[in-house]
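All chains should be built: construct the whole structure from the sequences, respecting the hints.
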Amino acid sequence: MEYFLAVVENKGINGAAAALGVAQPTVSQALRGLERELGVRLFHRIGRGMVLSAAGRSLVGPSRQVLRDVAAAAEQLTASDGAIVGRLDIMAFPALTSGTIVDLIAEFCRRYPQARVRFSELEREDNLESLIRDGHCEFAVAHLPLEAGEGLEIVELGEQEYRLVYPAGTELPEGPVRLSEMPDIPMVFVPRGAAMGDAIEDSIRKAGTRTELAVVTEQRESRLPMVIAGLGGSLVERSVAKSMPGQVVERACEPRFLRAYGLAFDPSTLSPVGQVFVNLVHEYLSDESLPDERLPDERRSQH
Amino acid sequence: MDLHFVTYFVAVVDHGGITKAAQALYISQPSLSQAIRTLERRLGATLFDRTGRRLVLTDAGRTFDLAARRILADVERAKAKVTAVRELEFGRVDVVSYSAFSIDPMVELVRRFRANFPKIVVRVLDTYGPAGVDNALRRGSAEVGVTDLSIGYEGLVTAPIATQELVLATHASLSGRLAAPLTDPVPRALLHSLPLVVDLGDQSNQFRGLLSEGAENVVVDCVHPVTTWELVRRGIGATVVPRRVAQQQMTDVCAFSFDPPLTRDVGIVYRSGEQSPAAAAFIATAAEMATSAVPSEEEE
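Chains as they are written, first to last, in the numbering used here: chain A, 8 to 310; chain B, 3 to 302.
One or more hints might be untrue.
Claimed, not checked - Here are the simulated SDA-like pairs of lysine to any residue, each with C-alpha atoms no more than 20 Å apart in a straight line:
| id | chain 1 | residue 1 | chain 2 | residue 2 |
| --- | --- | --- | --- | --- |
| 1 | A | K18 | B | K121 |
| 2 | B | K121 | A | P190 |
| 3 | A | K18 | A | L74 |
Just so you know, these hints were derived from the structure itself, not from any lab.
If you want it as C-alpha cells, here you go:
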C-alpha cells in the first residue's frame, strides 16, 4: 500500500521508486502483487503513463488511513510514556492557509514535538465530507457554510478578509478604498475560480472601475512579493497583507469582503492525535489572551 | 468572398465610375469591369444601374455598399489589433513554472518584463515540476517555462538565467534550542536531524535525497509556501529555500549555506520555431537578466 500511494503521489513508477529509494522493478512487482491480491486493476497503463482506475481511486483514501494507523502504532511503541505521537492530516483551501490555522499548527508543534503534521491542499470545497470519510485527511479548512457537511462537526476559526495592498510609497488617502475609486494602478490577481476572488472582481467591475491587469498568477505566494517589487496592487488575505509591515501600503476595501471559514472533521472517527488537536482548537478559541496572528516583538523592532 | 472585390466595389462607388477607380487602384479598366461583374454574379444581384452615362447604385447596390464598408472597417480594426500585438502594445504571455521558482527568479523576471513591456499581461501557470513544464509547453498551454535546467527537455530550446543557491532557513528560536550553535556553512547531514517544515510531495525538491529515510524529522509536511515561511519564522522548523526567498520572505530568519553548497541552474525553456511577439520579448528579458545577474550577496 505504501508503494501504491507512492506511485499515486509521484505520478508514476519512476518517481515512486526514486522517492522510496528502491529499484523500479521492486515497485512494479509490489503493485502487480497488490492488483493480483485485490483482483482488480488499480492503474490504467496508457503509453508510458499511469492513470488511476476507478478501483485505484477508491483505494487511495483507505490506504492513507491504514498507513496513518500503522505509523501511529509504530510510534506509540517507541514514544516515551504519554507523549502524543502520530500524524495530523489537515487539508486547506489555498486561500485559507494563513492566520488562525497557522497559529493552531504552530501551537500544536510546540506542545507535541513528537507528533507530525501534514498540511496539504484542498482543491475543491464541495466534497469535504467524502474526503474526510474516505480518510484523505482528518481535518479540512474550508469556507462556511459548507456545501456538503452532514455529519461533520465544524468549528468556526474566523472570518477571512481580503485587503488591498499596493507598493510602498503609493499615495492613498487614509481609510478604506471604495471599489469605485480604486487607484489607477495595474493589478496582480489569481485566476478566477478562487472562492472569494471572483466575488471581489465582479464587484470591482460592477463598481465601474476598469483596473488594468499586470499579472495573473496561479502561484498565490508570489502576489505579495510582486506587489513589493512594484509590479502593481493586489488583493490578499488579511494575514498575508499584514505579514510584511512597512513594505506595502495596505487598505481595507469598501465594501468589505468577509467570509467565515472553519475547521471540519468527523468526531466519530477521530484518531487519538486528532482528538488532542480538537481539544487544542477549543482551548485556543476560548482563550482571549491568545491574540491571533501575533507578531513576535523582535520582528516589529526590525522596521 | 474575395476581399479584393469588396475593395473594388467601394472604390467604384467612391470614384463615381470604373475609369477613375481603375486608375486609383492601379489596375486596368477591363479587369475592374470584369471583377464587378463577377461580384454581381456571385451575389446574384445587380449592383449598378448601367443605363445612364454614370454608374448609379441599385437598391441592392446601396444595401451592399453599407455592408461592404462595414467589412472593410472591420478588416482595418483586425489589422490594427494584429499590429498592436506585433508591436507589443497589447497582448499576453503565458508562462509556466512550479513553486520552487515562484519567487526567485519569477518575481524579478516579471518585474523586468513589465518594465520593458507595460502593456503585456503576464499569466503564470503553476504545475508540479519540470515534467509539468515540459508537458505544458508541448500541449501549447504556455509558451515559456521557467524551470530547472539540470533536467533534459528533448526537442525544446533552453537558456540559462542564473545559478540559484539553496540555503537552510532557520529562526534563532530554533537554532537556540540546538546543542551546538550553527556556523555557516552547515553540513548537509544536518537535514537528518533538524526539525523541518518542507513539502515531501514536491518531486522537484532537490534536497529530498538529502533527507533521512522516512523523513522523521519533518515536523510539518506542508504544501502551502506562505504557511511554510510563517512556520519557519515562528521557529517550528527549518526549511530549504532559494537564498533570495530566505532573505525576502522570512524576516528574522537566518540563511546558512550548505557544505558542499546546494545549487541549481535556473533558466527558461521554450519550443523552437517562431515565437509570438510577447513570448519573444519574454525570452529576451530572460536573456538580459542572465547577463546582468549578479551572484546573490553574501550574508554575514
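Going straight from one Cα to the other, do B/K121 and A/P190 come out at no more than 20 Å? holds (17 Å)
Just to be careful, I want the Cα atoms of A/K18 and B/K121 compared with a cutoff of 20 Å; is the pair within it? violated (38 Å)
For A/K18 and A/L74, compute the direct alpha-carbon distance and say whether it is at most 20 Å. holds (19 Å)
The structure fails to meet hint 1 from the earlier list, while all remaining hints are met.
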